[in-house]
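Protein chains in written order, with my numbering: chain Y, 54 to 435; chain E, 54 to 435.
Treat the hints as calculated values from the structure; they're not laboratory data. Quantities reported herein were computed from a predicted structural model and do not represent experimental measurements. Treat the hints with care, as some may be off.
Copies of the same chain are indistinguishable here, so a pair counts whether it falls within one copy or spans any two.
EDC-like mimics (lysine to aspartate or glutamate), calculated; alpha carbons at most 20 Å apart, straight line [to be verified]: (1) 277 <-> 93; (2) 318 <-> 96; (3) 230 <-> 81; (4) 325 <-> 236; (5) 325 <-> 299; (6) 277 <-> 212; (7) 301 <-> 77; (8) 325 <-> 411; (9) 281 <-> 56; (10) 206 <-> 406; (11) 318 <-> 156; (12) 206 <-> 314.
Protein chains: 2
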Amino acid sequence: MREVAIVGAGMTRFGEIWESSLRDLFVEAAAGALNSAGADHVDSIFVGNMSGGQFVGQEHLGPLMADHLGMAGVAAARVESACASGGMALNMGFMAVASGCSDAVLVAGVEKMTDGADVTNVLASAADQETEVYHGITFPGLYAMIARAHMEKHGTTEEDLAWVAVKNHKHGSLNPKAQFRGEVTVEQVLRSSMVAEPLRLLHCSPVSDGAAAVLLCPLDQAEKYTDKPVKVIGTGVATDSIALADRKDPAFLGSVEKSAERAYKMAGVTPKDIQVAEVHDCFAIAEICCLEASGLIEKGKGAKAAASGVTSLGGRIPVNTSGGLKSKGHPVGATGVAQAIEVFEQLRGESGERQVEDARIGLTQNMGGSGASSVVHIYQGV
Amino acid sequence: MREVAIVGAGMTRFGEIWESSLRDLFVEAAAGALNSAGADHVDSIFVGNMSGGQFVGQEHLGPLMADHLGMAGVAAARVESACASGGMALNMGFMAVASGCSDAVLVAGVEKMTDGADVTNVLASAADQETEVYHGITFPGLYAMIARAHMEKHGTTEEDLAWVAVKNHKHGSLNPKAQFRGEVTVEQVLRSSMVAEPLRLLHCSPVSDGAAAVLLCPLDQAEKYTDKPVKVIGTGVATDSIALADRKDPAFLGSVEKSAERAYKMAGVTPKDIQVAEVHDCFAIAEICCLEASGLIEKGKGAKAAASGVTSLGGRIPVNTSGGLKSKGHPVGATGVAQAIEVFEQLRGESGERQVEDARIGLTQNMGGSGASSVVHIYQGV
Numbered sequence: 054m055r056e057v058a059i060v061g062a063g064m065t066r067f068g069e070i071w072e073s074s075l076r077d078l079f080v081e082a083a084a085g086a087l088n089s090a091g092a093d094h095v096d097s098i099f100v101g102n103m104s105g106g107q108f109v110g111q112e113h114l115g116p117l118m119a120d121h122l123g124m125a126g127v128a129a130a131r132v133e134s135a136c137a138s139g140g141m142a143l144n145m146g147f148m149a150v151a152s153g154c155s156d157a158v159l160v161a162g163v164e165k166m167t168d169g170a171d172v173t174n175v176l177a178s179a180a181d182q183e184t185e186v187y188h189g190i191t192f193p194g195l196y197a198m199i200a201r202a203h204m205e206k207h208g209t210t211e212e213d214l215a216w217v218a219v220k221n222h223k224h225g226s227l228n229p230k231a232q233f234r235g236e237v238t239v240e241q242v243l244r245s246s247m248v249a250e251p252l253r254l255l256h257c258s259p260v261s262d263g264a265a266a267v268l269l270c271p272l273d274q275a276e277k278y279t280d281k282p283v284k285v286i287g288t289g290v291a292t293d294s295i296a297l298a299d300r301k302d303p304a305f306l307g308s309v310e311k312s313a314e315r316a317y318k319m320a321g322v323t324p325k326d327i328q329v330a331e332v333h334d335c336f337a338i339a340e341i342c343c344l345e346a347s348g349l350i351e352k353g354k355g356a357k358a359a360a361s362g363v364t365s366l367g368g369r370i371p372v373n374t375s376g377g378l379k380s381k382g383h384p385v386g387a388t389g390v391a392q393a394i395e396v397f398e399q400l401r402g403e404s405g406e407r408q409v410e411d412a413r414i415g416l417t418q419n420m421g422g423s424g425a426s427s428v429v430h431i432y433q434g435v
Numbered sequence: 054m055r056e057v058a059i060v061g062a063g064m065t066r067f068g069e070i071w072e073s074s075l076r077d078l079f080v081e082a083a084a085g086a087l088n089s090a091g092a093d094h095v096d097s098i099f100v101g102n103m104s105g106g107q108f109v110g111q112e113h114l115g116p117l118m119a120d121h122l123g124m125a126g127v128a129a130a131r132v133e134s135a136c137a138s139g140g141m142a143l144n145m146g147f148m149a150v151a152s153g154c155s156d157a158v159l160v161a162g163v164e165k166m167t168d169g170a171d172v173t174n175v176l177a178s179a180a181d182q183e184t185e186v187y188h189g190i191t192f193p194g195l196y197a198m199i200a201r202a203h204m205e206k207h208g209t210t211e212e213d214l215a216w217v218a219v220k221n222h223k224h225g226s227l228n229p230k231a232q233f234r235g236e237v238t239v240e241q242v243l244r245s246s247m248v249a250e251p252l253r254l255l256h257c258s259p260v261s262d263g264a265a266a267v268l269l270c271p272l273d274q275a276e277k278y279t280d281k282p283v284k285v286i287g288t289g290v291a292t293d294s295i296a297l298a299d300r301k302d303p304a305f306l307g308s309v310e311k312s313a314e315r316a317y318k319m320a321g322v323t324p325k326d327i328q329v330a331e332v333h334d335c336f337a338i339a340e341i342c343c344l345e346a347s348g349l350i351e352k353g354k355g356a357k358a359a360a361s362g363v364t365s366l367g368g369r370i371p372v373n374t375s376g377g378l379k380s381k382g383h384p385v386g387a388t389g390v391a392q393a394i395e396v397f398e399q400l401r402g403e404s405g406e407r408q409v410e411d412a413r414i415g416l417t418q419n420m421g422g423s424g425a426s427s428v429v430h431i432y433q434g435v
């Protein structure tokens, strides 16, 4: 298996981007990634996207995006795993390079959510239509049940959940690409309107437009593009039952644990080696569960991580230095690739005010649905 | 790069399968593939599917299908490239095995099209929404324009188109899994109702439900599953402009040519070496154009291939011995995998009345949209 490196990155700002279409967003991010590496050609393109079909009536994004990038002819395909689509596209791009099938691979995630679709309904199609959605549940409701289970089992409080939002907004205030750059207080979170008890508005990530792209190549060709490549040393994918009701412990995300174990094993590292991480905080409770399941925080101790400062910039293991999905925004198909970009920049020492000192090894964890799929990548600066 | 083999296959019948849901279809095909190889475990699953979201309100098919197969936990993702989704999933599965990331990979294609969605509109989302679909064009219209261009350039006639349908229905009459097992005559085709001039009803593939699955592993582990593995010796993917109007010659499918060239190069064979092929006959004109662009028939000579018997069972290069999309049916995400199964069985000598004598090397070509994407695989019996 060939060693794989990220050698370039580009992304749009995240937010309600009324002036850009789905294809505009893709091209801006992709061109940014190519230009950052001085690349004018790729062999293949993997587009992570949850639902161009339902959001804007457009499937077949592989050739569409290759065409609009001026690269019609290259291999291209779309990869979907709900909100883990971007991470899954990175996994596919990794395999394309590792196998020897491609020498230059563009991995991009993109979603256009604000063009008038019934967003809650479209997102719900990532849950089990037959046993969940048809009966009226939506994702805020599913994550509210996860939160209740975590509260019952581990004594987690509404204030613990609020601290996740406070931390991530604080990080996001330092990120020029973030959708929300204002800081929030615990009191503001606890006074914000109830969405699905115990989750309030400020416990939830927003609806966003955006795109993110990275350029991959074999490590031994990286010098063509950059003198600061970042190695992808581990990739792990796992699934769980799609319906939350089918899990023994709804507060434990088995797909996150399995995908992390697979990535750690491939990388030859342990959770203790991770110095910076982006995890899937679509709701505040998700960050807590993902930290526990990935081994970055001891099981049952995730709730206090944000409040105690362990996961803040300057803490033992800074988590979601980008602002996370909560503050940076969550254009669902783009999220997994944007996570990779944050860690890529951290390991290159390019994160400015958000820089984690001497970060050498980082991790991203991207999740689909209520944890039915998870993708973990581990990266090392060289 | 590790050598890759297909060691098992399973598929549902194709047709209007009212009694089975999307997940039922998947499980029937997947269990068939696993059972045929005596396998009770896989490392990863790639699901080819065009639009579960628009057809039945269900995205996130990777974990859903893993779960319903009783394999929640394994890696799984959906791959989409419109009607080439199945072929693209096979390409991803190939890379997963070739790279060393997975030792046992299930590649399945599935589509449920008859559950009440506006099928023509959903399929149209594989074309360019902004420059084609919003202005009223649908796929029969796009392929009608391709047919007109081919007629003008090469003198192709309506009767030539009819012969493609006659041949494929004749082949399909021998296939117990086919949606339409009745033979048709040239006169019947030419008397069938006009859909988009010059394409009549019997020039068009039907709307179908169905699923198809194959099991892949490294060639050196194939004996665990079967004593008749079939090697995948070439895989090629390519794109073209998504909008038909952006192509210099609408009658020539550049993505098919490029994807075939890439697959031939990897396989180290030429079109002359191919003894049996399945190509993408979503409309009769598509078979003609795909045969020319893939090099299986000389450019400009595709129109007479069916009428002359060259591409019939018993001819020089039998094409679409399964009945093709025209007669076997076209559950869009399943098609590319079903093509692979036909060639797999041909190279194992298991095609019964449809058997091509002494077939050793075969090819499948699967296309998305009006040729915006194409995937070619080349196979060799061992």
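Right, here's what the structure says about each hint:
no.: 1; hint: 277 <-> 93; result: within (12 Å within a copy, 45 Å between copies)
no.: 2; hint: 318 <-> 96; result: between (29 Å within a copy, 15 Å between copies)
no.: 3; hint: 230 <-> 81; result: within (13 Å within a copy, 46 Å between copies)
no.: 4; hint: 325 <-> 236; result: neither (30 Å within a copy, 67 Å between copies)
no.: 5; hint: 325 <-> 299; result: neither (31 Å within a copy, 53 Å between copies)
no.: 6; hint: 277 <-> 212; result: neither (49 Å within a copy, 55 Å between copies)
no.: 7; hint: 301 <-> 77; result: neither (43 Å within a copy, 24 Å between copies)
no.: 8; hint: 325 <-> 411; result: within (15 Å within a copy, 58 Å between copies)
no.: 9; hint: 281 <-> 56; result: within (15 Å within a copy, 33 Å between copies)
no.: 10; hint: 206 <-> 406; result: neither (37 Å within a copy, 63 Å between copies)
no.: 11; hint: 318 <-> 156; result: between (25 Å within a copy, 16 Å between copies)
no.: 12; hint: 206 <-> 314; result: neither (24 Å within a copy, 58 Å between copies)
In summary, the structure is inconsistent with hints 4, 5, 6, 7, 10, 12 from the numbered list given earlier, while agreeing with the others.
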